[in-house]
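Next come the chains, spelled out residue by residue.
There are 2 protein chains.
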Amino acid sequence: MEVDYTTTGSKAVVVLSGGLDSTVLAYFMRNAGMYTHAVSFDYGQRHVKELTLAAVTCKKLGMKHTIVNLTDLKPVLESALTDPRMNIPEGHYAADNMKATVVPNRNAIMLAIAYGVAVSDHAVMVGTAVHAGDHFIYPDCRPGFINALQVAFALGNEGFQEPALELYTPFIGLSKADIVRIGAAANVPFADTWSCYVGGSIHCGACGTCCERYEAFALAGVSDPTYYRADPREYLTKV
Amino acid sequence: MEVDYTTTGSKAVVVLSGGLDSTVLAYFMRNAGMYTHAVSFDYGQRHVKELTLAAVTCKKLGMKHTIVNLTDLKPVLESALTDPRMNIPEGHYAADNMKATVVPNRNAIMLAIAYGVAVSDHAVMVGTAVHAGDHFIYPDCRPGFINALQVAFALGNEGFQEPALELYTPFIGLSKADIVRIGAAANVPFADTWSCYVGGSIHCGACGTCCERYEAFALAGVSDPTYYRADPREYLTKV
Chain A
1 MEVDYTTTGS KAVVVLSGGL DSTVLAYFMR NAGMYTHAVS FDYGQRHVKE LTLAAVTCKK
61 LGMKHTIVNL TDLKPVLESA LTDPRMNIPE GHYAADNMKA TVVPNRNAIM LAIAYGVAVS
121 DHAVMVGTAV HAGDHFIYPD CRPGFINALQ VAFALGNEGF QEPALELYTP FIGLSKADIV
181 RIGAAANVPF ADTWSCYVGG SIHCGACGTC CERYEAFALA GVSDPTYYRA DPREYLTKV
Chain B
1 MEVDYTTTGS KAVVVLSGGL DSTVLAYFMR NAGMYTHAVS FDYGQRHVKE LTLAAVTCKK
61 LGMKHTIVNL TDLKPVLESA LTDPRMNIPE GHYAADNMKA TVVPNRNAIM LAIAYGVAVS
121 DHAVMVGTAV HAGDHFIYPD CRPGFINALQ VAFALGNEGF QEPALELYTP FIGLSKADIV
181 RIGAAANVPF ADTWSCYVGG SIHCGACGTC CERYEAFALA GVSDPTYYRA DPREYLTKV
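So the protein sequences, as listed, match chains A and B.
Okay, so the first sequence: first residue is 1 according to the working numbering, each after it adds one.
Okay, so the second sequence: first residue is 1 according to the working numbering, each after it adds one.
Errors might be hidden in some of the hints.
Each pair may be met inside one copy or between any two copies, as identical chains are not told apart.
Claimed, not checked - Here are the simulated lysine to aspartate or glutamate pairs, EDC-like style, with alpha carbons at most 20 Å apart:
no.: 1; residue 1: Lys-74; residue 2: Asp-42
no.: 2; residue 1: Lys-64; residue 2: Glu-78
no.: 3; residue 1: Lys-99; residue 2: Asp-121
In case anyone wonders, no lab produced these hints; they're calculated from the structure.
Keep in mind the model is a prediction, meaning the values are calculated, not measured.
The shape of chain A in the complex, shown without the other chains:
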């Protein structure tokens, strides 16, 4: 990067999972001139490979990166994402069985920590890549929740936020296909992002997030660099 963001931009924190959405958001914020500190979480997710890719993105963008270890939560938060005894549902992402992938209060936990980091950093915003495609399954990705959390956090840090902090959600009304288009326009290296919930070293092509990823590239008309083990088209009609 040619610009020295440490002296020019506003400070910001971004919640970076290493998935497609948050990686595009990291590029988006960086390109907007923000000096960004990325916070990632290891909560015992099977798809821990996403954290390696988050680190790759931070290195490429010259961003500070903090990975917070929350693996103590694995035995006490119930979810198919962390429990190897539960199956990751296959097929279309909007299907009701994807609810097994909810991690209780996950976004509240991540945003509470990222917000605390932002207060310490004297940052102006905390970016999170929640988008409209998440709303159906995940209540903690909906605008009402984000707005209420922002009110609570502002009250909980009254007198200690300098300047006032914003929960920044530029994708909240957009689809995943829209995010792919934004990423393509910004030359985001999509191969540096991970979506598959099953884990392993290549995308399975059958789980809900693989199907969602495949579909988003197709709808956006953007070339998908992902190698899928199975053909997502065979699973997209499965509900």
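The hints should help you fit chain B onto chain A, whose structure is shown.
Relative to chain A, chain B alone:
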């Protein structure tokens, strides 16, 4: 304990620091017949001794105990409680210099995690021992914050809370002296609780929390079993 709470009481989660207030709350909830799961946090606090005492309380009460390691946050959350280069202020607790002991968004972080655990446990409430004496210094102990957080968490877990969860704050309008009185009436072994923010193996007697502890016992007219290295009366007038 003679009662088997695992089969009789409602399930509840309690945020237990090992300090005086939350230990009294744990006894209070247990005595009310709740089957309680205590959640404690290691965030790199100097006074990590409180966690040992939290474990003692859980063992005595036969409560499930989860200690969540958040020490990754120590370098990124700015506070005198975790940074050995900063001084813990001495003297009266309500003094303005106690603001150095604020950990940004601490209660939001702890309550977000405890709430997620409670959703997984199908519990009916999350207890936290915030009290009126905290309000002056800590914005994340005030009723407005707790109420706003409850609204946000309810929205963030819509459809996944069964039953609906309450943030339970029975001490929020009470003073620390009131809590000492409640604890004395319930025969809480106060020697199992820790207040000093400086760390070490005995209470320093000079820091704000030692002064506050000493004063609460005196105001309540309850015998204080604490051994203080220095006499808190010499520091109580210091602001």
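Hint check:
| no. | hint | result |
| --- | --- | --- |
| 1 | Lys-74 / Asp-42 | both (10 Å within a copy, 16 Å between copies) |
| 2 | Lys-64 / Glu-78 | between (31 Å within a copy, 16 Å between copies) |
| 3 | Lys-99 / Asp-121 | between (35 Å within a copy, 17 Å between copies) |
The structure agrees with every numbered hint stated previously.
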